[in-house]
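Undergrad: Now for the letters of each chain:
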Amino acid sequence: MSRVPVYGLLAEFDNPTDLLLAARRAHEEGYRKMDGYSPFPVEGLAEAIGFERDRMPLVVLVGGLLGCAGGYLMQWWMSAVSYPINSGGKPYNSWPAFLVVTFEVTILCAALSALFGMLGLNGLPMPYHPLFHCPRFEFATRDRFFLCIEASDPRFDLAGTRRFLEGLSGGHGISEVPY
Amino acid sequence: MEQKDRVEEISVRHGRPPVMAPGYTFATITDKISSIVLTRPVSLGWLMGVGFASLWAFILLFAVSYLFYQGVGIWGVNIPIGWGFAIVSFVWWVGIGHAGTLISAILLLLRQSWRNSINRFAEAMTLFAVACAGMFPILHLGRPWLAYWLFPYPNTMNVWPQFRSPLVWDVFAVSTYFTVSALFWYQGLIPDLATLRDRAVNRYARTIYGFLAMGWRGSARHWKRYHTAYLLLAGLATPLVLSVHTVVSFDFTIAVVPGWHSTIFPPFFVAGAIYSGFAMVLILAIPIRHFYGLEDFVTIRHLENSGMIMLATGLIVAYGYIMEPFMAWLGGNKYDLYQFWDRAHGPYWWVFLSLITMNVVIPQLLWIPKMRRKPGWLFLISLDVLIGMWIERFVIVVISLHRDFLTSSWGMYYPTRWDWFTLLGTVGFFFMCMLLFLRVLPMISIFELRELLPEAEVKVES
Amino acid sequence: MGAEEKAHHAVCPGKKHNLEEIREKLASEDGPRYWRSLEELAGDPAFQEQVKREFPRGASEWLEGFSRRGFLQLMGASLALAGLTSCTKQPLEPIVPYVKQPEEMVPGRPLFFATAMEMGGHARPLLVESHMGRPTKVEGNPDHPASLGGSDIFSQASVLELYDPDRSPAVAYQGEIRSYAAFLGAMQSQLAAQRLAQGAGLRFLTRTVVSPTLGDQLKTALQVFPKAKWHQYEAANRDNARAGAMMAFGEPLETQYRLAEADVILSLDADFLYPTFPGAVRYARDWASRRRPESSRAMSRLYVAETTYTATGGKADHRLPLRQMELEQFARAVAQGVGVNAAGATAKGMAGTWLPALVKDLQQHKGNCVVIPGEYQPPVMHALAHAMNAALGNVGRTVFYTEAVAANPVDQNQSVSELVEDMKAGQVQVLVILGGNPVYDTPAELGFGLIMKEKVPLRVHHGLYQDETAQFCQWHINAAHYLEAWGDTRAYDGTATIVQPLIAPLYNGKTDTEVLAIFTGQGETKAYDIVRAYWQRQLQKQAPATPAARGKGKAAPPPAVDFEGFWRPAVHDGFISGTAFQPRQAQLKSIDFGPGPQGSPPALEINFRPDPSVFDGRFSNNAWLQELPKPVNKLTWDNGLLVGVETARQMGLKVNDVVELKIGNRTQQAAVWVQAGQPANVVTGFLGYGRRFAGRTGTGFGFDLYRIRTMKEPWSTAVEMRKTGDTYLLASTQGQQSMDTQLGTRDLVISATASEYGKDPGIILRHHETPAKDETLYYNYEYKSYAWGMSIDLSACVGCNACILACQSENNIAVVGKDQVNKGRHMHWIRVDTYYEGDRDNPKAYFQPVPCMQCENAPCEYVCPVGATVHSSEGLNDMVYNRCVGTRYCSNNCPYKVRRFNFMLWQDWNTPQFKMMRNPEVSVRSRGVMEKCTYCVQRITQARIDSEREDRKVREADLLTACQQACPADAIVFGDLNNAENRVSKLKSTARNYGLLADLNTRPRTTYLAAINNPNPELPAPAEQN
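Chains as they are written, first to last, in the numbering used here: chain H, 1 to 179; chain A, 1 to 462; chain B, 1 to 1026.
By construction, these hints were calculated from the structure, which means they are not laboratory data. Note that beta-carbon positions come from the ideal geometry of N, C-alpha and C, so glycine has one too. Heads up, none of these hints are tricks.
One side only, chain B facing chain A, incomplete, derived with CB under 10 Å:
(1) Arg825
(2) Gly886
(3) Met930
Model the full assembly from the supplied sequences, consistent with the hints where possible.
TA: This is the structure:
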């Protein structure tokens, strides 16, 4: 009889400090494929689990620059190329007048790329996730803190990892996360 | 125990009322706020509130239908006063819409932790206010059904918007502002939606909140990107919020009309916007905290801070009132000079007088700390400021137009009942939206409140 | 076929239609049936919805929805409209277009026809534009000495009268529709009876008859019925002028003036620059020709002593407001001064200061001055004027006497009074009223209407409307409008004109000649034949044209070879050359001027005047005239009772207060308008309002002052006035009538005296700043092909409003009604701003026509979000109506406020008559769209096309804007600024040229020539008088 494949092991903590320490210990142990879960951003947790490269700023910068160029070029093309008209004796390419819209489009594009960049990189929306199987996990959005070491980690071994987690201070309610 | 001490510690540190009453934990905060949405029964007061507000919303619908049937002629606008209540109210609403983003973005960057408990409904207020504002430019058109011609959409005639016109700038500024505010608002909501998803007992509520939460599970990686994105959005929203009313003020400064053609308008308008915006925040916060028993989260501290911001921006506005005629005098332009003479002595002198009283004189009460800490007084002063700021826009739009260059073309403006219906209708619409919002979404950002708790501080040296 | 014809063929082959062909084609169609089907449709709301649509395939599509059914309805509608247009027939008789080209109708190209409009005892020679058989626009006849191309508000507005849906559509008996044949039948028995009685019971009542044919017919009728009588009556008649002439010469001579020769002009209450005055159009031209400092001849000087503020008073170098009695005393004083023996001379106060200077001025210009008495001044004033002109040696130089223009000048007040007496005595069995509205416009004291109704068994009314008189008559014959009718008439100088129709009568109306034919035994003869027959007789009479006959002057056509040879040119030119009356050597009798006014003047006196817009009430239903701001006070839609500032203060009256006027035992209410420059204790009331059966437009507005007018003192009399406490809204179009603000005066109208200007022309621009063209960060656009511009001479403009109505008619401008005018939503593309300067009791007035300035740096353009108003390569500020979404930003940003907005649906899309009336070259604006003056871009385009066809530039003569063409004073000049030879370029290069608000750097293409006054140095300047 084959067992249900396991996504990983989940340990519960009462406060952010324990979670942070646990994460650090796990990292020292050599675990890499793991993640911490908390009801609010815990300072330093991401670094503790070895998450370094946050590409958000780059995404937003690119979005902003595209918006800026696009915004001005659109006005220039429409007013000076596609259908130039003498309006109030002002030049076809009245750049001072075009700055406002350029600015607005810049902000718009940057903001859109910020939100959707964030969602995209986070792989959201993700309606299904194995963690949602754990009954206790719903408290991750209330007042509980979790550390999950995933089975895909090379050093993962059901018994060993469980022992390691039980050894952590403040960690309790270790449970298997089924797929 | 120790937990309690820390809370006192916080309040002591600030030497002012705390941003949150002591004795709360992650759990209690979460439950208290989410219960308002999830379990609290519908109260009679709320029903009556929504009923009255939607009554006015329907009057708006009626007024707009008749407007489309008859044309803008049903309003008081004429030649020379081509813009009346519609534009006045547009500017007014856009201004009100400023406080939300200001609180959520600028105060975030300034690390003003107290903003955490009022930013959520302030942002909602922004959205609804801007929605109200957005109606007017369309309604005031002679041919509203052609409003989409202001957008640069590809068409066979190859005709495009005229990008030198401030009205096109408005279209971009206001729609951008609305979009960015909405994004900001939504991103802030995601973790709380997740909370509601996990708290909800009702299956449908669970599904809906679950859908909106997009599977948020508070992963450290997510939080990390989330935080950067949130800060970046705030960074983007900050110049934006300042730009919106600047652009709106261009509607006037770009024109040659005496009383409009002034370089002081952009800062002056922005200050005025924040002024009225915070007034509206207080108008909303004071009853809400009372009726929903949220005095612990929206404390006197918040009211006092808002009051101080009103006082500051109010003084900037007052400075503007002084500088306008001074500049006219300095420039010696006879049309400008006459414009300001006319404001004080012309047929609309009483409007101008009430403007000064309501926007400059009365708000000076905020110098008195007692006043700033008495919700009742604050409420009245905010009401006064809101009306005062509406009058300010009336002075700028109507009084400037009614006597411009050719004496032969001077005129008067008399609003009709349809003008009033439309204005009050949008107010009703606004409060209807607010009341509905209170019932379906957490009116206070839960996860940001958790961060305020002492337990949230990680006590390890990295 | 002529060279031109060939050339034309080359351009549009196969586009040639013969008038005959078209006439046959149209005649073959059954107009009335289409009419009915159309009216049914017009009644159908769905159909109305569809015609409300602004552009058949416009963007407003989804508003009404565009269901298949709706589409079919639209199709149905347009078919019906096609039926309507086809029912507008050309007259069946040959009419002669005013063109040198072959007479053929080129679709899309208008034809012009010469004709004339009769009003108040003389005719206005016209040139009428016709689009595919529909008269759409009236112009003055440039070849006619009485017009020289200028026209006036009444003729301009007559197009609307023609298409007025309220016009009487049929013959009626007791209000029920009858056929004309039925009327003829009914008359036969009556006539038989009258023949036996030699017409003892037969009476004709007409207005002043000018038409030679009609006059001749009436004489014939009186021969057929020897005991019948012919009465004439008009409310604004010329009895006084006639009586004055009788006093002076013993015969009813007409007086004509040559103002181009006059150095000094004294007007005694004569509004001779306003078109209610006979010959005003020509006089304005002549007068203006002497008001330009650039011209070689010295400027003339105008003194006006008057009893209320008139347009002419506004143009005066010295204006003297006097009440009636003082005016006569003053006139007598001046007469004495120039050597006329007239008693009762007094000149107190301002008049006293005037007298010596004025008399001296007149004396110094013997032979080159003129004294003009007002139409409504008592006979003795006219006599005095005749005597003065004689004494000053003006006769034969600036003043000429000719025989009367009227076919049979009589004392009309007396004439109508006699008629009433006869009616009372029961001597009248048949009363035939040809035109006129005596029931309304005879003084109430006569009780004309009731007496007629009780005492006259058979009453026949012939008129354009079923008016008050029609209500009191059994028979009503719907008259043909002059644009539908054959006839003839005379201009103020006697020149005879053949009136030719441009369109067959819309409602089969009859002309007065056709009705009268019944009584002259001509039976059912057509007007065409009647008129031709008359002139044939004249021709035969004149065949051996003896000098004597010429001397007598009346109707002396050149010795005619054959009749057609006489008829065609006469009809073509619009007048019969050589029929102008010859000057008469008038022998001044020794006149007894009487003792002059005795005793003290009444505490309060009222002066009656015909209304400047609706005249004696005959134009009440003409919305264009109703909404036309009256000269000086800019009132619309009502007859405000003018009260002086001081008098109003004393009596505690404000604008809009309703007062009760009492003359004898009759009372009438009126609404007060406080008028600057009105003499103290004098109120001026205008006739022609308070109509009860005018039509949908005119009924009910204003107050009927005929009710208190008397036969004895028709123009000026004592009155009691008391405040009722009620108010009545009077709608004026102008915000403030002064250039002064509490912080100083704005130089909107720049003026100077001739001497100042002569010394230093720089005085005009002294306080005027215009930024240089290179003061810009941007490049300047260049206008290579044409650069259209306009120059308006404020010295010449006489404020007669002709430009406003010409523009309204040319550009399909809607009327909005009194309430909307009061809200400030009137639609005139060109307005005439009037500014008072100086003392409120006697200010100087300036008239400033304001069309769109067509700014090169147009503030309206760059604020438009959709580019609905943009600049053309020829420097026009174009409005793209179908792109406009109606933000009104352009109007806010227009410093001149010349933009007009359709706040609601002003245009009447349903009434078929209006569809016919509109100028097809100009798109009709609907709700929510901004509009404004375009320099008549449609005319520019037409001229450009024509010139390109001939491979040349547009010539100055090819192109006149509507306002320019109408202007009697030639104050508006338009043309290409790129051509230095054009008049407009020359005018703009004079030192008088300035741009309104040019300091805003708008670079207006319309500029003004400063107003130059020529005051007498010996008198205080107008501004600081009193």
